[in-house]
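**Student:** Listed here are the chains, written in short residue letters.
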Amino acid sequence: MNNRQAGESGMRESRTRVSGDRDLRLDFFRGLALWFIFVNHIPANQISWLTPRNFGLSDATEIFVFISGYTAAMVYGQTLRQSGLPMAAAQVLHRCWTLYATYIILFFAFTAQIAYLARVFDSPLFTEEMGIASYFQDPVTALTQALLLKFRPANLDVLPLYIVLLLAFPLVLPALRRRPLAVLAGSGALYLAARLFGWNLPTHPDGGVWYFNPFAWQFLFVVGATLQHLPDLRAGLLRFRRPVAVAAVVFLALSLFLVLSWQFAFLHALLPPWLTEILYPVSKTDLDPLRLAHFFALSYIVVQVVPPGAAWLRSPLAAPVVACGRQSLHVFCLGVLLSFAAQTVLVHISGSLSAQFLVTVLGIAAMVLLARLLIWYQSAERARRLQTATTRNSGA
Amino acid sequence: MRTAARRLLATVTAALLMGLSAEAWSGPPVDAACAVPDSVLTVDTALPRVAERLNAGLPLSILVVNSVKPAPRPATVGYPVRLAKELKARLPGRQVDVLVLSLPGEMAPGMVAPLLDAVSQQQTALVVWQTGTVDAMRSLDPESFGTALENGIAAVQRMGADLVVMDMQYSPHTAQVIDFAPYVNYVAWMSRNDGVFHFPRYAIMRHWVEEGRVDFADESPQAKQDAYEFVHRCIGQLLAESIAAMIDTMHGAPP
Chain A
2 MNNRQAGESG
12 MRESRTRVSG
22 DRDLRLDFFR
32 GLALWFIFVN
42 HIPANQISWL
52 TPRNFGLSDA
62 TEIFVFISGY
72 TAAMVYGQTL
82 RQSGLPMAAA
92 QVLHRCWTLY
102 ATYIILFFAF
112 TAQIAYLARV
122 FDSPLFTEEM
132 GIASYFQDPV
142 TALTQALLLK
152 FRPANLDVLP
162 LYIVLLLAFP
172 LVLPALRRRP
182 LAVLAGSGAL
192 YLAARLFGWN
202 LPTHPDGGVW
212 YFNPFAWQFL
222 FVVGATLQHL
232 PDLRAGLLRF
242 RRPVAVAAVV
252 FLALSLFLVL
262 SWQFAFLHAL
272 LPPWLTEILY
282 PVSKTDLDPL
292 RLAHFFALSY
302 IVVQVVPPGA
312 AWLRSPLAAP
322 VVACGRQSLH
332 VFCLGVLLSF
342 AAQTVLVHIS
352 GSLSAQFLVT
362 VLGIAAMVLL
372 ARLLIWYQSA
382 ERARRLQTAT
392 TRNSGA
Chain B
2 MRTAARRLLA
12 TVTAALLMGL
22 SAEAWSGPPV
32 DAACAVPDSV
42 LTVDTALPRV
52 AERLNAGLPL
62 SILVVNSVKP
72 APRPATVGYP
82 VRLAKELKAR
92 LPGRQVDVLV
102 LSLPGEMAPG
112 MVAPLLDAVS
122 QQQTALVVWQ
132 TGTVDAMRSL
142 DPESFGTALE
152 NGIAAVQRMG
162 ADLVVMDMQY
172 SPHTAQVIDF
182 APYVNYVAWM
192 SRNDGVFHFP
202 RYAIMRHWVE
212 EGRVDFADES
222 PQAKQDAYEF
232 VHRCIGQLLA
242 ESIAAMIDTM
252 HGAPP
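Chains as they are written, first to last, in my numbering: chain A, 2 to 397; chain B, 2 to 256.
It cannot be assumed that every hint is accurate.
Stated by the list, open to error - Label pairs and their computed distance ranges (CB to CB): (1) A116/A with V78/B: 24 to 34 Å; (2) S355/A with A33/B: 20 to 30 Å; (3) Q379/A with N194/B: 44 to 54 Å.
Said to hold, decoys possible - Footprint (simulated), chain A over chain B, 3 or more residues, beta carbon under 8 Å: (4) 61-70; (5) 135-148; (6) 166-177; (7) 190-200; (8) 218-225.
The set of hints was computed from the structure by calculation and includes no laboratory data. For each residue, glycine too, the CB sits at the ideal point set by N, CA and C.
With the rest of the complex left out, here is chain A (with noise of 0.2 Å):
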């Protein structure tokens, strides 16, 4: 019974698959966090005012960890029952493997950052507080914590998060199929607990913890993925009810008041010193509830104003953001190496409002073009194979 369940769930995912009716919703919203993730990750930018982390509680981030959990569970499942689980599990490694490579070319660029900095700011200024040159001291540690994934790329580890949450996958996948819900309510005990007692992943030097708790931001992850698995709880869940979407809309505008707040003093000022005790900190690191409600009530509110077929997300001027979400996973790789490539620049070339508004453009295009070559190159390559294959059946 399960079993022709899921046959067909299967049938009519590759059929959809074919006819190339996937919902672009999630392309294009993975495509906007990819965006809105690159003009994070530069500091010196002031381009990402406009991003959501200014206007409310969660921030791309949350986009992107349950986008990502959510068409993990589309693709890798349906490799699952069409191929088994082995040939699942090759591919969410061959995923990682590319994350991975990633992730030792960024250590690469900081290790050559660091080595510029060891020299330019060994002053008497910046040693007796910083000593960075101490990060040189032991090069053999410092190499090897690098590739265990202990190194912390500042301000980029959603890298490094990235690829704990897919190597992990193939273990939840097969459970998932048979006990949905069961998977999510362990996932929702391990953030529980990572919560209360305090587990995260270590880093290098000592002492430190990862900037993403991986124990915690699993749970987005597993979200994703449940609804995925479910279609019938994600229509109840998110079908219109007023209450609901009323509720929703004064969380947003309270958490917009909030965040307004720690930029303007005299916000901060109106709000009950009670009312700060109770909610802070909103930790980014153990993804705080509040967190999570406000990326529930933000996506509830989305899907009722976006439906799946709206007309604009094929338009033209969605089309570049839709590509980068369907090639998301060699586009994100780009946007990390991009965004320290364009505070490299801002850093040292210039960086004025002009310079940061062109690494910014220069940056999105760079993905933008990635994501058309590579959608080109396997619609090229799927053709090509189609017709070696049919000349040799017509030969044989």
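Given chain A, put chain B in place with the hints provided.
**Tutor:** Relative to the frame of chain A, chain B by itself:
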């Protein structure tokens, strides 16, 4: 609504008092090169415990706590020495002592105990707690950092002393490889909630860099020396100016 009006009134009164007291100061004004706009540095808190001690005729004893490593080749004088000089010029007739407690390579949680020991031994009136650098470099859990900060602040206040929390140094180059933002934000939140003055060194240095007043990327030994000189002189001045302003608003003009 009424609270907001009262707050506004309080702000206006404070501004008036500050305006008056600024004229009363005989000390040197802040150098034009050091000055930062109100959006970067505003004095919006008071030092009630310091005021109480000064009223009782006690000296202004300041303890600077930091995680600075002893320099192999000592540079020129750092900001604590300048702070003492600048404060004496701004508070004539007052005895000002500045002591420095260096805890090299220590993170905030490890600073609390020695800090409290020193406060009780020295009868400190005001602690300048300089922290966050090592925590950010070693990516300590921002929440552990915040908890340590909160406990330290509460304990110092219980001992009858006030605090100024000073955050990290800024340069665009170091900010690229070390993520300071979560720790700076924590200092800002904590100080807002606990009514403690947050001396925003990070934002101040960022303002100087963006205004082109100082260049940390210049590799010549002279430029490095100049940068040290500039930063410590200006931090000393701005910190002294802020502390004097807070003492003045609370305490009235010195006798």
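**Student:** Checked against the structure, which of the hints given earlier come out wrong?
**Tutor:** none
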